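In the order they appear, the protein sequences are chains A and B. Per the UniProt record's numbering, residue 1 is the first one in the first sequence, and the count goes up by one each step. Per the UniProt record's numbering, residue 1 is the first one in the second sequence, and the count goes up by one each step.
Keep in mind that the hints are not guaranteed to be accurate.
[Claimed, not checked] Incomplete in silico selection of chain B near chain A, CB under 7 angstroms:
hint : residue
1    : V41
2    : A195
3    : H280
Calculated from the structure, these hints are not laboratory results. In this text, all values refer to a predicted model and were calculated from it rather than measured experimentally. The beta-carbon is built from N, C-alpha and C at its ideal position, and this holds for glycine as well.
2 protein chains.
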Amino acid sequence: MTTSTTADRAAPSIYDRDLDRNPANYQPLTPLSYLDRAARVFPDHTAIIHGPLRRSYSELDARCRRLGAALAARGIGRGDTVAVLLANTPEMIECHYGVPMTGAVLNTLNTRLDAAALAFCLDHGEARVLITDREFSKIVAPALAQARVKPLVIDVDDPEFTGPGEAVGSLGYEALLAEGDPAWDWAMPGDEWDAISLNYTSGTTGDPKGVVYHHRGAALLCLGNVITGALGQHPVYLWTLPMFHCNGWCFCWTLSVVAGTHVCLRQVRAGALYQALAEHGVTHLCGAPIVMQLLLNASNAERRPLPHRVAFLTAAAPPPQAVLGAMGAAGFDVTHLYGLTETYGPAVVNAWHRDWDALDADARAEKMARQGVRYPVLEGFDIRDPETCESVPADGETMGEAMFRGNVVMRGYLKNPEATQAAFKGGWFRSGDLGVKHPDGYIQLKDRSKDIIISGGENISSIEVEDALFRHPAVSAAAVVARPDAKWGETPMAFVELKPGATVEADALIAWCRERLAGYKLPRHIVFGELPKTSTGKVQKYLLRERAKTE
Amino acid sequence: MTTSTTADRAAPSIYDRDLDRNPANYQPLTPLSYLDRAARVFPDHTAIIHGPLRRSYSELDARCRRLGAALAARGIGRGDTVAVLLANTPEMIECHYGVPMTGAVLNTLNTRLDAAALAFCLDHGEARVLITDREFSKIVAPALAQARVKPLVIDVDDPEFTGPGEAVGSLGYEALLAEGDPAWDWAMPGDEWDAISLNYTSGTTGDPKGVVYHHRGAALLCLGNVITGALGQHPVYLWTLPMFHCNGWCFCWTLSVVAGTHVCLRQVRAGALYQALAEHGVTHLCGAPIVMQLLLNASNAERRPLPHRVAFLTAAAPPPQAVLGAMGAAGFDVTHLYGLTETYGPAVVNAWHRDWDALDADARAEKMARQGVRYPVLEGFDIRDPETCESVPADGETMGEAMFRGNVVMRGYLKNPEATQAAFKGGWFRSGDLGVKHPDGYIQLKDRSKDIIISGGENISSIEVEDALFRHPAVSAAAVVARPDAKWGETPMAFVELKPGATVEADALIAWCRERLAGYKLPRHIVFGELPKTSTGKVQKYLLRERAKTE
Numbered sequence: 001m002t003t004s005t006t007a008d009r010a011a012p013s014i015y016d017r018d019l020d021r022n023p024a025n026y027q028p029l030t031p032l033s034y035l036d037r038a039a040r041v042f043p044d045h046t047a048i049i050h051g052p053l054r055r056s057y058s059e060l061d062a063r064c065r066r067l068g069a070a071l072a073a074r075g076i077g078r079g080d081t082v083a084v085l086l087a088n089t090p091e092m093i094e095c096h097y098g099v100p101m102t103g104a105v106l107n108t109l110n111t112r113l114d115a116a117a118l119a120f121c122l123d124h125g126e127a128r129v130l131i132t133d134r135e136f137s138k139i140v141a142p143a144l145a146q147a148r149v150k151p152l153v154i155d156v157d158d159p160e161f162t163g164p165g166e167a168v169g170s171l172g173y174e175a176l177l178a179e180g181d182p183a184w185d186w187a188m189p190g191d192e193w194d195a196i197s198l199n200y201t202s203g204t205t206g207d208p209k210g211v212v213y214h215h216r217g218a219a220l221l222c223l224g225n226v227i228t229g230a231l232g233q234h235p236v237y238l239w240t241l242p243m244f245h246c247n248g249w250c251f252c253w254t255l256s257v258v259a260g261t262h263v264c265l266r267q268v269r270a271g272a273l274y275q276a277l278a279e280h281g282v283t284h285l286c287g288a289p290i291v292m293q294l295l296l297n298a299s300n301a302e303r304r305p306l307p308h309r310v311a312f313l314t315a316a317a318p319p320p321q322a323v324l325g326a327m328g329a330a331g332f333d334v335t336h337l338y339g340l341t342e343t344y345g346p347a348v349v350n351a352w353h354r355d356w357d358a359l360d361a362d363a364r365a366e367k368m369a370r371q372g373v374r375y376p377v378l379e380g381f382d383i384r385d386p387e388t389c390e391s392v393p394a395d396g397e398t399m400g401e402a403m404f405r406g407n408v409v410m411r412g413y414l415k416n417p418e419a420t421q422a423a424f425k426g427g428w429f430r431s432g433d434l435g436v437k438h439p440d441g442y443i444q445l446k447d448r449s450k451d452i453i454i455s456g457g458e459n460i461s462s463i464e465v466e467d468a469l470f471r472h473p474a475v476s477a478a479a480v481v482a483r484p485d486a487k488w489g490e491t492p493m494a495f496v497e498l499k500p501g502a503t504v505e506a507d508a509l510i511a512w513c514r515e516r517l518a519g520y521k522l523p524r525h526i527v528f529g530e531l532p533k534t535s536t537g538k539v540q541k542y543l544l545r546e547r548a549k550t551e
Numbered sequence: 001m002t003t004s005t006t007a008d009r010a011a012p013s014i015y016d017r018d019l020d021r022n023p024a025n026y027q028p029l030t031p032l033s034y035l036d037r038a039a040r041v042f043p044d045h046t047a048i049i050h051g052p053l054r055r056s057y058s059e060l061d062a063r064c065r066r067l068g069a070a071l072a073a074r075g076i077g078r079g080d081t082v083a084v085l086l087a088n089t090p091e092m093i094e095c096h097y098g099v100p101m102t103g104a105v106l107n108t109l110n111t112r113l114d115a116a117a118l119a120f121c122l123d124h125g126e127a128r129v130l131i132t133d134r135e136f137s138k139i140v141a142p143a144l145a146q147a148r149v150k151p152l153v154i155d156v157d158d159p160e161f162t163g164p165g166e167a168v169g170s171l172g173y174e175a176l177l178a179e180g181d182p183a184w185d186w187a188m189p190g191d192e193w194d195a196i197s198l199n200y201t202s203g204t205t206g207d208p209k210g211v212v213y214h215h216r217g218a219a220l221l222c223l224g225n226v227i228t229g230a231l232g233q234h235p236v237y238l239w240t241l242p243m244f245h246c247n248g249w250c251f252c253w254t255l256s257v258v259a260g261t262h263v264c265l266r267q268v269r270a271g272a273l274y275q276a277l278a279e280h281g282v283t284h285l286c287g288a289p290i291v292m293q294l295l296l297n298a299s300n301a302e303r304r305p306l307p308h309r310v311a312f313l314t315a316a317a318p319p320p321q322a323v324l325g326a327m328g329a330a331g332f333d334v335t336h337l338y339g340l341t342e343t344y345g346p347a348v349v350n351a352w353h354r355d356w357d358a359l360d361a362d363a364r365a366e367k368m369a370r371q372g373v374r375y376p377v378l379e380g381f382d383i384r385d386p387e388t389c390e391s392v393p394a395d396g397e398t399m400g401e402a403m404f405r406g407n408v409v410m411r412g413y414l415k416n417p418e419a420t421q422a423a424f425k426g427g428w429f430r431s432g433d434l435g436v437k438h439p440d441g442y443i444q445l446k447d448r449s450k451d452i453i454i455s456g457g458e459n460i461s462s463i464e465v466e467d468a469l470f471r472h473p474a475v476s477a478a479a480v481v482a483r484p485d486a487k488w489g490e491t492p493m494a495f496v497e498l499k500p501g502a503t504v505e506a507d508a509l510i511a512w513c514r515e516r517l518a519g520y521k522l523p524r525h526i527v528f529g530e531l532p533k534t535s536t537g538k539v540q541k542y543l544l545r546e547r548a549k550t551e
């Protein structure tokens with residue numbers, strides 16, 4: 001199909017007369033309507049579990065309305081930014097509804113940012129309100145001191161948090177809610193294109209960019225999540241993914257479509273995960289690969305039997321064969337998703353073919369390693385030449401850039417028209433990820449464009465080298481970056497994390513790779529030690545790249 | 001929530017700058033994109049089963065592109081009407097994609113219409129093409145003779161049809177497809193508000209009204225069907241519902257979202273149904289209550305063991321307790337849906353609560369008898385006062401009109417602005433169905449507004465009287481209408497169909513009702529015999545109302 005919005009128009013037809021939009025046949029798409037429905041249809045169903053706390057959908061809905069009404073009474077409305085610095089708590093879910101009910105935009109801040117970065121986000125987003133958890137007060141206080149904006153600061157005091165931290169604001173969250181009417185009749189957004197949330201990318205260079213989501217995209221991704229994740233009615237969903245990350249891949253809103261139960265968890269630890277899985281009958285969770293490692297490396301004391309098979313939706317890096325096999329044996333069915341902050345989180349799925357089940361373990365892992373195909377609610381996903389924007393041949397070899405097109409692509413970067421235009425050049429969103437298209441149309445990433453290593457004029461995929469390293473039984477994680485080289489321009493340098501108690505020499509690892517890789521792709525240097533990771537479990541390659549220049 | 005699109009606008013905010021629509025982040029919603037995806041992701045999966053015929057998704061997609069390309073080459077484009085008079089065949093599914101790929105509008109004609117009604121629809125819709133099955137040639141020839149329009153007539157000669165009938169057109173369907181390119185690069189609709197299909201209501205009075213669907217609504221109802229019907233990936237769907245009826249409740253398009261298999265069937269007979277269920281591992285079917293009767297009344301020779309439990313989605317009339325129990329025992333899980341042609345078919349579901357399973361059979365049937373709540377993709381469903389348009393109290397007693405609001409409500413009636421304005425008066429679509437809202441918010445219909453019986457100033461719900469009659473073990477179907485009465489204005493008159501071999505006297509039936517109904521609601525006259533039904537299994541009350549005047 002030609003995904004163009006500039007189809008030539010014929011003369012007006014009989015269908016162009018007297019068949020216009022009106023409130024009866026046109027309403028803005030918004031995920032807010034899903035909560036309204038869940039609260040009316042399943043008012044007593046448990047919406048939230050958090051420690052000993054249980055909240056039903058009618059209670060959740062009433063608290064969201066209170067929040068929205070209180071904010072609105074304090075002058076918050078369409079186009080205002082409400083920033084939040086919250087852990088995976090009930091308050092964070094409430095903010096996902098209560099804030100946009102006012103027409104305002106929810107800016108979920110990354111809880112691992114430093115004070116300067118937080119101050120930048122508050123200023124750039126022009127935050128009028130900041131809702132913050134006591135745990136983060138140490139970083140919030142200096143951030144507020146540095147920031148030019150002076151938001152109303154609201155403190156959340158979560159009983160599940162027993163660590164240090166002081167109130168930094170002028171008002172408690174519960175006191176704010178007490179100001180609001182639990183039956184507040186909020187208005188649908190005036191336009192489904194209106195912004196619903198603002199997510200700053202944890203950029204590795206330069207200032208963070210503010211990714212703007214709209215109501216239409218969020219509403220559609222929710223439906224896509226339900227269908228792609230096979231959530232069914234009343235799923236029990238365990239939070240490991242930070243809710244500040246792409247609005248928890250939009251699962252903060254998604255669960256309302258099917259009246260699911262949010263199981264909150266402040267800290268992702270193996271014992272707590274297994275306990276929640278067993279106690280609450282968890283059916284689904286999303287998580288970075290690091291969460292799989294956590295589950296698989298749990299001690300016997302931490303483990304609990306699963307109530308039934310559990311769906312595990314993962315992204316960020318393709319699950320290696322050994323991990324997949326171990327996860328399956330442990331009772332988890334893994335689905336591989338792919339997306340970026342700019343695509344509301346996952347918009348691509350490794351859609352599994354039933355006949356792949358009959359393949360041997362290696363071949364299955366090879367299939368699973370591919371990022372795959374578009375969600376039903378994404379209109380286009382392709383590998384295209386970054387220069388010409390032409391689709392590359394589906395030969396599994398020709399590299400190009402992964403590009404997205406459709407309704408679950410961001411509106412753009414806030415107050416950054418240059419970056420927005422660059423990202424949308426040619427009518428496709430350019431992910432910056434490089435990959436190939438296989439003959440069956442499935443897409444496989446080979447690298448971030450900035451992660452590619454160019455050695456003697458040859459492109460080397462850092463992912464390919466990492467895969468080879470990862471297959472070694474002693475290796476638990478590996479990251480490969482370019483090391484400046486006088487002769488070759490760049491050569492691959494590997495940073496390797498070993499499994500507890502395992503040992504292997506650098507020479508032995510290189511020999512292992514030689515059996516699996518072409519000579520020019522072999523890592524010339526190997527450094528052992530723990531890898532620096534972001535709060536979402538991604539390896540921070542920019543730090544390694546710095547180290548590669550000096551080590 | 002206030003479902004209003006006229007929210008007051010504040011001054012432009014930072015989110016109103018440089019964050020506009022472009023082809024990368026905005027694409028028209030259309031169900032056509034689902035087929036494109038299914039054909040790319042699951043090209044070899046069986047899309048269609050019809051007798052010995054099997055077609056994969058890539059074959060279906062190629063044939064749809066051929067059809068679209070051939071029609072486009074013959075000048076068919078945006079806003080043109082392509083009418084079809086087809087049984088539940090593969091060609092009918094192809095038309096659902098190939099026709100809108102050109103920008104044209106698919107008008108699926110009811111195969112039970114007479115020549116005059118067909119001629120009316122062809123003329124009113126200004127059909128430029130008519131694609132017709134040989135079975136209907138006897139009625140098509142006179143319809144074409146009567147019609148003022150002179151469409152290009154294409155003949156479908158389905159090998160599964162072995163009865164009489166001649167080609168009436170100038171071109172065979174396969175010859176038309178041969179003119180088209182199987183790789184035709186069709187264009188997305190210029191606007192998601194563009195018409196995709198035209199469905200004439202089988203109105204009981206006056207001329208049929210042409211209900212116009214748009215791409216946006218069809219795309220959204222598909223997602224709603226997948227979620228509400230719990231279709232999962234790769235459902236096997238048996239066609240009993242006519243595809244001409246609300247585009248088969250949009251299931252002609254819905255199955256592409258999840259790469260499901262269409263099992264076509266020209267004629268709905270018990271033996272063929274059980275054979276298809278068993279042979280193809282059917283997982284889901286939609287059908288009128290009459291299909292349940294057919295399945296339950298099948299002879300032992302016709303029955304075949306089911307491969308697994310089968311989901312049965314029904315609408316039109318709430319399933320009586322006895323039928324529900326029998327269906328469950330026979331291996332079917334019944335879901336009760338509700339909607340109208342004007343709402344793309346089903347837009348309301350009797351969303352089941354798990355704890356209702358523990359109720360006794362009577363109480364369960366009472367819950368199941370309610371039409372229920374909105375689909376997640378419908379924004380509003382309510383019982384409102386037809387005069388004031390105010391929501392009625394949720395007391396289970398106050399009658400009002402069932403009203404819809406949202407994106408799966410039609411654009412309006414073609415070339416009929418008066419009827420359109422009347423239907424949308426007050427910003428809600430007025431269904432003409434009367435009902436109540438229970439304290440839990442579930443809606444239950446009590447009658448069509450024109451079916452209500454007013455006796456001595458009291459409103460009598462014909463459904464309530466029918467329910468009482470239906471519970472009698474000898475009764476297989478019952479319809480109650482108003483009979484003009486000199487003293488009371490109107491009195492209830494019952495038309496009753498008995499089970500094969502069963503007998504009961506009118507007096508005994510009235511006595512039976514007396515134990516269950518208030519005196520003024522008792523039918524004063526009972527007539528035994530087969531009830532007249534429409535092609536979709538609905539009792540034709542207007543015929544009975546005529547008879548009630550004279551009998």
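Status of the hints after comparison with the structure:
no. : hint : in the structure
1   : V41  : holds, 5 angstroms
2   : A195 : holds, 4 angstroms
3   : H280 : violated, 16 angstroms
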